[in-house]
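Number of protein chains: 2
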Amino acid sequence: MADQSKIPQATAKRLPLYYRFLNNLHLQGKSRVSSKELSDAVKVDSATIRRDFSYFGALGKKGYGYNVEYLLGFFRKTLDQDETTNVALIGVGNLGTAFLHYNFTKNNNTKIEMAFDADKSKVGQEIGGVTVYHISDLSERLKNVQAAILTVPGAVAQQITDELIDSGIKGILNFTPARITVPEGVRVHHIDLAVELQSLVYFMKHYPVDE
Amino acid sequence: MADQSKIPQATAKRLPLYYRFLNNLHLQGKSRVSSKELSDAVKVDSATIRRDFSYFGALGKKGYGYNVEYLLGFFRKTLDQDETTNVALIGVGNLGTAFLHYNFTKNNNTKIEMAFDADKSKVGQEIGGVTVYHISDLSERLKNVQAAILTVPGAVAQQITDELIDSGIKGILNFTPARITVPEGVRVHHIDLAVELQSLVYFMKHYPVDE
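Chains as they are written, first to last, in our numbering: chain A, 159 to 369; chain B, 159 to 369.
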């Protein structure tokens, strides 16, 4: 396998996208794919795809393209597709419920194992096959879970983050408007819906065409 | 104002984040901010902040930092904060409902003006102050709207995208798993929940600390 530490972050961010598309191709019975086809499908330009793939030592052949099965095998190893990461969902509001109904395991190596909410009327419910527990049981229940999706009100985001970290969580997908502080070694990806919308609008006005 | 076309995309993507934080500082009555404080709050390293700000011609003073009001005035102009962009929400499921309850206008220059869904039981409802119309009325109702948030099932994403474009939409925030094709001049930002989660897990394993 290629030396992981040498893959640039920008390339690494595109890996799950490539994997998902190639997996779909494979399910459709396709055995090869050109960088042009890939480019059209995942909306990343061909030159970038070829450069990305070269980091993994995958070189396309002219007039043939890439071997889908080889790439999939490679990505599966790289993305540790065979090792499932257990995820807890914190905050079963509308956004949290959307996550619970999203079928992550289909193409994916992640599984939402449990959910937590402060609303007692939600406790004990099963949504999308996942049981909802009370937030006060967090540290007691959180076993064998490595990552959390945070969809709680911004005002309690830091407090709950601290509890998650005390329980050994190593990664947080933060969907609250709050920026959270975590110790070194804990990974946070932040998706703020308002910032995403504002960013789209800004780019619409100033960069109408992708550079 | 600085020449917009010279601001790198990576810098431009951070603008809404800076704006939001500075606006909060201003509301709290703070008149100046250091790049260190900004860095701690928005989780972007100080060197990057200083470089970003230098593109806008904003230079911090040693021992003083940046003037909040000056920066806000600058960002407001740059982000066209005074000019509201009208947005339509397509697909009032759990994710769509979360958007409707999200108070975008608070710190923001965007407003969800109308929502559409295929489910007749939702038509006529008002959610978060926004009326839900039937999806078949899309082209008829869609007036004076520049952007759309797409939270429909992936299988109908392209068809609805085509209708949105025929109605003059210039930007789409795509939350479906589908990659959509649009003509030149239409901007698409794609946020796939499964890809975001997979990306977090990949980074947890290989890049536990931000580079």
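In case anyone wonders, no lab produced these hints; they're calculated from the structure. Hints may be right or wrong, so weigh each one.
[Stated by the list, open to error] Lysine-lysine pairs mimicking DSBU-like chemistry, simulated, CA-CA at most 35 Å apart:
| # | chain 1 | residue 1 | chain 2 | residue 2 |
| --- | --- | --- | --- | --- |
| 1 | B | Lys219 | A | Lys363 |
| 2 | A | Lys188 | A | Lys301 |
| 3 | A | Lys280 | A | Lys235 |
| 4 | B | Lys328 | A | Lys235 |
| 5 | A | Lys328 | B | Lys194 |
| 6 | A | Lys280 | B | Lys201 |
| 7 | A | Lys301 | B | Lys201 |
| 8 | B | Lys269 | A | Lys201 |
| 9 | A | Lys301 | A | Lys278 |
| 10 | B | Lys328 | A | Lys171 |
Legend entry - Given pair status - Lys301/A, Lys188/A, alpha carbons within 35 Å: With Cα atoms ~40 Å apart, Lys188/A and Lys301/A exceed 35 Å; violated.
Legend entry - Lys219/B paired with Lys363/A [C-alpha distance capped at 35 Å]: Holds: Lys219/B and Lys363/A sit about 31 Å apart, inside 35 Å.
Inset, instruction - With a cut-off of 35 Å on the C-alpha distance, tell me whether Lys280/A and Lys201/B pass. - result: This hinted pair holds, its Cα atoms lying about 33 Å apart.
Legend entry - Agreement of Lys301/A and Lys278/A with the hint, judged by alpha carbon distance not exceeding 35 Å: holds (21 Å)
Inset, instruction - With a cut-off of 35 Å on the C-alpha distance, tell me whether Lys328/B and Lys235/A pass. - result: Status violated; Cα separation ~39 Å.
Inset, instruction - Would you mind confirming whether the straight-line C-alpha gap from Lys280/A to Lys235/A stays at or under 35 Å? - result: Violated - the C-alpha atoms of Lys235/A and Lys280/A are around 38 Å apart, more than 35 Å.
Legend entry - Pair hint Lys269/B and Lys201/A, alpha-carbon separation not exceeding 35 Å: This hinted pair holds, its Cα atoms lying about 28 Å apart.
Legend entry - Hinted pair Lys301/A and Lys201/B, Cα distance within 35 Å: Holds - the C-alpha atoms of Lys201/B and Lys301/A are around 29 Å apart, at most 35 Å.
Legend entry - Hinted pair Lys328/B and Lys171/A, Cα distance within 35 Å: holds (26 Å)
Legend entry - Given pair status - Lys194/B, Lys328/A, alpha carbons within 35 Å: Since the Cα atoms of Lys328/A and Lys194/B sit roughly 25 Å apart, the hinted pair holds (cutoff 35 Å).
Violation of the numbered hints given earlier is confined to hints 2, 3 and 4; the remaining hints are satisfied by the structure.
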